[in-house]
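Asks: Sequence:
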Amino acid sequence: QYNREKKKNWNCVKRLFPNFTSYRNNWSFYLFPVDCRFRRTMIRITASKWFDAIILLLILYSCVLLALENPHKKMSPSLRYLIDTSMFMMTWIFFIEMMIKVIADGFISGHGSYLRCGWNVLDFMLVLTSIVDVFITLYFSGTKAQHIEIIKGMRVLRATRALRPLRMIRKAPGLKLVVQTLLFSLKPIGNTVLIATIFFIVFGILGVQQLKGKFYYCFGVTANLVRNKTECIQHPDGVWTNYQYNFDNLLEALMTLFVVSTKDGWIDIMRRGIDARGVDLAPRTNYAQWRILYFVSFLLIGGFLVLNMIVGVVVENFQKCQELQDIQSNKARNVLQKWKKKIEQRRNNYWREYPPWRKRIYKLCTSASWDVAITSVICSNVVIMSLEHYQMSEEFHILLEVCNIIFTTTYICEAVLLMVALSPRRYVKNNIKIIEDGKRITISFESCSRDNSSGIRV
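In full-length UniProt numbering, the protein residues as written are 1 to 458.
No lab work stands behind these hints, which were simulated from the structure alone.
Heads up, the beta-carbon is just placed ideally off N, CA and C, and yes, glycines get one too.
Don't take each hint at face value.
[To be verified] Listed next, the in silico DMTMM-like pairs over lysine to aspartate or glutamate satisfying Cα-Cα at most 20 Å (straight line):
| id | residue 1 | residue 2 |
| --- | --- | --- |
| 1 | 49 | 84 |
| 2 | 229 | 264 |
| 3 | 187 | 323 |
| 4 | 359 | 371 |
| 5 | 187 | 268 |
| 6 | 176 | 323 |
| 7 | 229 | 275 |
| 8 | 359 | 414 |
| 9 | 176 | 52 |
| 10 | 176 | 84 |
| 11 | 363 | 353 |
| 12 | 340 | 323 |
| 13 | 363 | 323 |
| 14 | 263 | 252 |
[Unchecked claim] Ranges of calculated distance between the beta carbons of each label pair, as one might list FRET restraints:
| id | residue 1 | residue 2 | range |
| --- | --- | --- | --- |
| 15 | 182 | 413 | 38 to 48 Å |
| 16 | 176 | 402 | 55 to 65 Å |
| 17 | 426 | 369 | 56 to 66 Å |
| 18 | 372 | 287 | 18 to 28 Å |
| 19 | 33 | 367 | 44 to 54 Å |
| 20 | 300 | 57 | 45 to 55 Å |
| 21 | 38 | 128 | 18 to 28 Å |
| 22 | 341 | 178 | 42 to 52 Å |
| 23 | 57 | 195 | 37 to 47 Å |
| 24 | 372 | 241 | 44 to 54 Å |
| 25 | 128 | 372 | 21 to 31 Å |
Model the full structure from these sequences, guided by the hints.
Replies: Below you can see the structure in the form of C-alpha cells.
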C-alpha cells in the first residue's frame with residue numbers, strides 16, 4: 001500500500017486531489033516529512049532557549065526604534081537612516097523566524113501547525129504587513145508626485161508596527177498567563193455584568209415607584225417661597241422644571257443610578273431624593289431622610305460589590321490558569337473527572353425509584369426547556385413591572401394587576417412541582433430555590449394586595 005501511494009505521489013495531476021493532502025497531512029508545506037533532517041534541524045532551533053532569547057531582544061530593539069520616531073521634530077539624517085535600515089533588517093529577520101517555525105511546525109495542516117495558534121496568527125499578520133510596506137516603499141521610491149502620494153497612502157500599514165510589543169507577551173510566560181486569565185474571565189465577567197444589570201433594574205423600578213414625578217422644582221425662585229407647582233407658575237420669575245437626572249421612568253432611573261454608581265455627583269442626587277415631597281410639590285430640605293437607605297444600599301451594591309465581584313472573578317481565573325499550567329499529566333485530571341462523574345451519578349440517581357407520574361414531573365422540572373420557560377416568565381414579569389409609570393390610566397393599572405396575579409400563580413405552581421419532583425427534604429436543602437421562589441411569591445402577593453401606587457414594590 002505504501003508503494004502504491006508513493007507511485008501516486010509522483011503523478012503531478014493527482015497531487016491536487018485530497019488523497020495527496022491526506023497522505024502528507026503532517027508534512028511541512030507538503031514537502032518536508034517529520035523525519036526529514038532539515039525539518040529536524042528547524043525543530044531543534046525553535047526549541048532552543050537561545051532562539052527565544054535572541055528574538056525577544058530583537059523585539060525589544062524594534063520597540064525602542066518605534067519609540068524614537070517623532071513626527072513633530074526634524075530628525076537628523078543619520079538617525080533617520082539608522083531607523084529605516086534597522087526596520088528593514090527587523091522585517092526580514094522576523095520573516096526568517098516565521099519561516100523557521102513554519103518549516104518546523106507546518107503551516108496550516110496537521111496538528112500543532114503554525115497558524116493553529118492565535119499568537120502565531122498575530123506574528124504572521126505583522127510580518128506580512130511589514131513586507132508589503134517594504135516592497136511598496138522600494139517600488140515607488142521615485143520622486144514623482146503620484147508615487148509620493150501612493151507611498152503616503154500605503155504607509156498606513158506602518159501603523160501595525162505598534163502591535164509589535166504584543167509579541168513580547170508570548171515570550172514572557174507571566175504576561176501570557178495574565179492575557180489568558182483575561183480571556184478566560186470574559187464569560188464570568190459577563191455573568192457578573194448580567195447580575196449588575198438585574199440589580200440596576202430592581203433599584204430602578206424601586207426608584208420609579210417611589211420618586212416618579214417628584215424631582216421637579218421651581219427654577220428662578222427661592223425654594224422656601226413656593227410650596228407647589230401652582231405657586232411657582234404664578235410667580236413672575238418661576239419656571240417649574242425637572243432635574244436632568246430623575247426617576248420618571250425606568251430609562252431615566254437607570255441613567256441616574258449609573259451616575260450614582262460612578263460616585264460622581266451622587267450626593268447631589270441623593271439630596272434631591274431626600275428633599276422630594278411629592279408630585280407637583282416643591283422640595284423641602286431633609287423631607288424624607290429614610291431615602292438615604294435606598295441610595296446608600298445601591299451604592300454599596302452597584303458601586304462596590306459588583307466591582308469587587310469582577311476583581312474576584314479575575315483573581316479566581318488567574319489562580320485557575322496558574323494551576324492548569326502546573327498540571328503536567330492529563331491522565332490524573334481525566335481520572336479525577338471520572339470519579340467525580342461516578343459520584344454525581346450516584347447522587348443523582350435517587351429519582352429512578354420514583355413512580356412513573358413523578359418521574360415525568362422530575363424530568364420536566366430538570367429539563368432545559370423548563371429553565372428557559374421559567375426564565376422567560378421572570379423576564380416577562382420584570383418587563384411588566386418596568387412598564388409602570390407616572391400618570392397611568394385605570395385600564396393599564398388593571399392590566400398590570402392581572403398580569404401580577406398570573407405571575408404569582410405561575411410561581412406557586414413552579415414551587416409545588418419542584419417540591420414534588422425533588423421531595424420536600426431536597427427542596428429545603430436547596431437554599432437558592434427556596435429564597436428565589438419565596439421572594440418571588442411574596443413580592444407577587446404584595447403586588448396584588450396593593451390598593452394604590454404609593455407603596456414600594458420590589
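Asks: Determine for every hint whether it applies to the structure shown.
Replies: Outcome of the hint check:
1. The straight-line distance between the Cα atoms of residue 49 and residue 84 is roughly 29 Å, outside the 20 Å bound, and the hint therefore fails.
2. Between residue 229 and residue 264 the CA atoms are separated by roughly 30 Å; this puts the pair beyond 20 Å, and the hint is violated.
3. In summary, the hint linking residue 187 to residue 323 is supported, as the alpha carbons are separated by about 19 Å, within the 20 Å threshold.
4. As the CA atoms of residue 359 and residue 371 are separated by approximately 17 Å, the hinted pair is consistent with the 20 Å bound.
5. Proposed proximity of residue 187 and residue 268 is contradicted: the alpha carbons are some 35 Å apart, above 20 Å.
6. This hinted pair checks out: residue 176 and residue 323 have alpha carbons roughly 14 Å apart, not beyond 20 Å.
7. This hinted pair checks out: residue 229 and residue 275 have alpha carbons roughly 15 Å apart, not beyond 20 Å.
8. A distance of roughly 16 Å separates the Cα atoms of residue 359 and residue 414; the hinted pair therefore holds under the 20 Å criterion.
9. About 15 Å separates the Cα atoms of residue 176 and residue 52, which keeps this hinted pair within 20 Å; it holds.
10. Simply put, residue 176 and residue 84 have alpha-carbon atoms about 30 Å apart, too far for the 20 Å limit, and the pair is violated.
11. For the hint linking residue 363 to residue 353, the alpha-carbon distance of about 13 Å falls within 20 Å, and the restraint holds.
12. A hinted pair counts as satisfied when its Cα atoms are at most 20 Å apart, and residue 340 with residue 323 qualifies at roughly 19 Å.
13. A C-alpha spacing of about 37 Å is found between residue 363 and residue 323, which places the hinted pair above 20 Å, so the restraint is violated.
14. Taking the CA atoms of residue 263 and residue 252, the gap is about 17 Å. The hint holds against a cut of 20 Å.
15. Here the CB-CB span from residue 182 to residue 413 is close to 43 Å, well matched to the stated 38 to 48 Å.
16. Between residue 176 and residue 402 the Cβ separation comes to about 57 Å, which falls inside the hinted range of 55 to 65 Å.
17. The supplied range of 56 to 66 Å is broken by residue 426 and residue 369, whose beta-carbon atoms lie about 21 Å from each other.
18. At about 46 Å, the CB distance of residue 372 to residue 287 disagrees with the hint of 18 to 28 Å.
19. Look at residue 33 against residue 367: about 51 Å separates their beta carbons, and that is inside 44 to 54 Å.
20. One distance hint, 45 to 55 Å for the beta-carbon pair residue 300 and residue 57, holds here, with the actual separation near 50 Å.
21. Between residue 38 and residue 128 the beta carbons are some 24 Å apart, a value that agrees with the proposed interval 18 to 28 Å.
22. Between residue 341 and residue 178 the beta carbons are some 32 Å apart, a value that contradicts the proposed interval 42 to 52 Å.
23. Checked against the hint of 37 to 47 Å, the pair residue 57 and residue 195 passes, with Cβ atoms roughly 46 Å apart.
24. The beta-carbon spacing between residue 372 and residue 241, approximately 46 Å, falls within the hinted interval of 44 to 54 Å.
25. In this structure the hint that residue 128 and residue 372 lie 21 to 31 Å apart at CB is violated, the actual value being about 45 Å.
When the structure is compared with the earlier hints, violations turn up for hints 1, 2, 5, 10, 13, 17, 18, 22 and 25 and for no others.
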